[in-house]
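J.: Hey, can you work out the whole structure from these sequences and the hints?
Number of protein chains: 2
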Amino acid sequence: MKKQINKIAITGGTHGNELTGVYLINKFTKNPDLVKRDSFKTIFMHTNLEAIKQCTRYIDKDLNRTFTKDGLNNPDLDTYEDILAKEINQKIGPKGSDNPNVDFIMDLHSTTSNMGLSICISTEDKLSWQVAAYVKECIPEIHIFSWKGDTGDTSFVSSIPPSGFTIEVGSIPQGVLRADMFFETEKIIQTILNFFELYNNEKLKKVYTEIEIYDNVKSVDFPRDKDGNIEAMVHPDLQENGYYKLKKGDPIFVTLDGEYICYSDLDGLYALFINEAAYYEKGVAMCLAEKKIISI
Amino acid sequence: MKKQINKIAITGGTHGNELTGVYLINKFTKNPDLVKRDSFKTIFMHTNLEAIKQCTRYIDKDLNRTFTKDGLNNPDLDTYEDILAKEINQKIGPKGSDNPNVDFIMDLHSTTSNMGLSICISTEDKLSWQVAAYVKECIPEIHIFSWKGDTGDTSFVSSIPPSGFTIEVGSIPQGVLRADMFFETEKIIQTILNFFELYNNEKLKKVYTEIEIYDNVKSVDFPRDKDGNIEAMVHPDLQENGYYKLKKGDPIFVTLDGEYICYSDLDGLYALFINEAAYYEKGVAMCLAEKKIISI
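For the record, the sequence lines run as chains A and H.
Here our numbering is used: the first residue of the first sequence is 1, the next is one more, and so on.
Here our numbering is used: the first residue of the second sequence is 1001, the next is one more, and so on.
I should point out that these hints are in silico values taken from the structure, not numbers from a laboratory.
All values reported here derive from a predicted model rather than from experimental measurement.
Keep in mind that a hint or two might mislead.
Said to hold, decoys possible - Simulated crosslink set (DSSO-like; lysine-lysine; CA at most 27 Å straight-line): (1) A:K226 / H:K1030; (2) H:K1030 / A:K53; (3) H:K1007 / H:K1148; (4) A:K282 / H:K1053; (5) H:K1007 / H:K1041; (6) H:K1053 / A:K53; (7) H:K1041 / A:K282; (8) A:K30 / H:K1226; (9) H:K1148 / H:K1086; (10) A:K61 / H:K1061; (11) H:K1030 / A:K27; (12) A:K126 / A:K7; (13) A:K53 / H:K1226; (14) A:K27 / H:K1226; (15) A:K218 / A:K247.
Claimed, not checked - Not everything, but these chain H residues come out facing chain A in the computed CB check (under 10 Å): (16) L1019; (17) K1030; (18) N1031; (19) D1033; (20) S1171; (21) V1176; (22) L1177; (23) R1178; (24) V1220; (25) D1221; (26) F1222; (27) I1230; (28) Y1280.
All C-beta atoms, glycine included, are put in the ideal place defined by N, C-alpha and C.
T.: Right, dumping it as structure tokens:
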């Protein structure tokens, strides 16, 4: 962990209809000094330009599930996002390289789920966890969600360099800019850049040894009929309550006819990514996580 | 206004990513008795099936701006939605006919703007205004927004039959079902059906003579640079406040750099459709309306 950090990437528009990241990159493009620091170089980029132009999550497939090593090495995968992933991998990777072009990445996202500020972290990398702990100390309301993703091998944009994670803020509808969360996301970015300036100059006051996280356990789909049609909606008690602590018997869905469907899993799991628009097609109405303190 | 009402249409999915209407039609399809009444026939349908399937607002163009008389009569207009509009017009119109297939229509929509329950009404038709007044009496929190639309000749789905209007509920992100607003929209539908049952049986207790409305004055675009890029966001004070009464000096936008842009138009106009995702491309950050009581 003592290696100097030379290059940091800020990426936005991985999902083209998540405008917070798109417009923060616009802002930095206009005024690069905002993300400049003396001890490292900061690059920033829109990752999925065509999806941004069309204000859609993706063109052919979810770019943020396209960075598996197998996929990046498979020349037969040739959708718009498959080709784009290979290009991005060359720019800020390549993934798994001993000498990557970027040392740390933060990928900017938003969610329709009302879960405030979150870091979604998918790596065992020690430096990434030190950054997360520093951000959590500076911005205590942020949640740390530990999630390896839904594709086996980690396939997020943030998995390309050795270190990094995803920043998720919500609720924000797709295709909408929200001023409050725009500035809160920028604050997280600045905090991360501050960390690395201290880190490179060996001025960090401490090494963090533990952190409170929400550790992903499973996801829960909407109740569906045999044809896959959704038969029940997220219950109003959960709708606006990201990181909601569930106990047996809590209503979690309500059918189109108004009947409640109650939670019957383990007491004390926390619900998050509740009613995220992009997860309807992934079969995820919410994620369930265990709250714990881990050593880092 | 004494004509018997024989057929009423409920339409949903005119915008394929506005799921409230899509799933209410699913519900009625499964249980048609819910919208059955003795004195008239109720039909219900998804209007834009392909957009619903792709969970997108439209395929080629906004279906809810495609029902101008000129457009419907122009065989050269042949995009997906142009052709679809002509088909729908035959089913529930034709528009302008003395003997239309449907007497009244309610078209179900949702908005990312936090404006609660609204009826958007675009017609001088007396019966439509009686229905709106009845709904307002039964559900006082509903707002009546009088708006001719942005295309000159009224081009909404709701303009096909002689009578009807659009129901708008929000805030709901695109691609998301919200239980509370699903049931509130259903309540509005039931109230309208109840009106016509009373109307046909001459059991309405009164004829409404006036109604409080928000009368559209103009729309306001986001501040943009010379290339059309948005340079400022809706100010947080307005973000969650549909039907907000503006006075000179109120901050209405905040630039990406954090500077406030203040309102300088007439005191006392009300802002609505604030930060609707689908209106970014239409150049509308919010609509401004005058609150007034009109004779009907």
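J.: Does each hint hold? Answer for all of them.
T.: Going through the hints against the structure:
Our distance criterion of 27 Å between C-alpha atoms is met by K226 of chain A and K1030 of chain H, whose separation comes to about 14 Å. Taking the CA atoms of K1030 of chain H and K53 of chain A, the gap is about 39 Å. The hint is violated against a cut of 27 Å. Straight-line distance between C-alpha atoms of K1007 of chain H and K1148 of chain H comes to about 24 Å, which keeps the hinted pair within the 27 Å bound. For the hint pairing K282 of chain A with K1053 of chain H, the CA-to-CA distance comes to about 15 Å; that is within 27 Å, so the pair holds.
Restraint check for K1007 of chain H and K1041 of chain H: satisfied, since their Cα atoms lie roughly 5 Å apart, inside the 27 Å limit. For the proposed pair K1053 of chain H and K53 of chain A, the alpha carbon gap of about 21 Å is at most 27 Å, so the pair holds. For the suggested pair K1041 of chain H and K282 of chain A, the alpha carbons sit about 38 Å apart, so the restraint of at most 27 Å is broken. Of the supplied pair hints, the one linking K30 of chain A and K1226 of chain H holds, its CA atoms being roughly 14 Å apart against a limit of 27 Å.
Taken as a hint, the K1148 of chain H and K1086 of chain H pair is honoured in the structure, with Cα atoms around 21 Å apart against an allowance of 27 Å. A C-alpha spacing of about 23 Å is found between K61 of chain A and K1061 of chain H, which places the hinted pair at or below 27 Å, so the restraint holds. Taking the CA atoms of K1030 of chain H and K27 of chain A, the gap is about 49 Å. The hint is violated against a cut of 27 Å. Of the pairs offered as hints, the one joining K126 of chain A and K7 of chain A holds, with about 17 Å between alpha carbons and a cut-off of 27 Å not exceeded.
Proximity of K53 of chain A to K1226 of chain H is assessed by CA-CA distance (about 17 Å); at most 27 Å being required, the pair is judged to hold. The hinted pair formed by K27 of chain A and K1226 of chain H meets the criterion: a straight-line CA distance of about 16 Å does not exceed 27 Å. Taking the CA atoms of K218 of chain A and K247 of chain A, the gap is near 16 Å; set against the 27 Å cutoff, the hint holds. Interface restraint check: L1019 of chain H against chain A, minimum CB-CB distance 9 Å, threshold 10 Å, status holds.
About 8 Å separates the beta-carbon of K1030 of chain H from the nearest beta-carbon of chain A, less than 10 Å, and the hint is met. Because the smallest distance between the Cβ of N1031 of chain H and any Cβ of chain A comes to about 8 Å, under 10 Å, the interface hint for this residue holds. The closest approach between the C-beta of D1033 of chain H and any C-beta of chain A is roughly 12 Å, which is over the 10 Å cut-off, so the hint fails. For S1171 of chain H, the interface hint holds, the least distance from its beta-carbon to any beta-carbon of chain A being 7 Å, beneath 10 Å.
Interface restraint check for V1176 of chain H: the shortest CB-CB distance to chain A comes to about 5 Å, inside 10 Å, so the restraint holds. Taken as an interface hint, L1177 of chain H checks out: its beta carbon lies about 5 Å from the nearest beta carbon of chain A, inside 10 Å. A least Cβ separation of about 6 Å between R1178 of chain H and chain A falls short of the 10 Å threshold, and the interface hint therefore holds. Interface restraint check for V1220 of chain H: the shortest CB-CB distance to chain A comes to about 15 Å, outside 10 Å, so the restraint is violated.
For D1221 of chain H, the suggested interface contact is broken, since its CB lies about 14 Å from the closest CB of chain A, more than 10 Å. With 10 Å as the threshold, the beta carbon of F1222 of chain H comes within range of chain A, its nearest partner Cβ sitting at about 9 Å, so the hint holds. Hint status for I1230 of chain H: holds, given a least beta-carbon distance of 7 Å to chain A, under 10 Å. Interface hint at Y1280 of chain H: satisfied, since its Cβ lies 7 Å from the closest Cβ of chain A, which is below the 10 Å cut-off.
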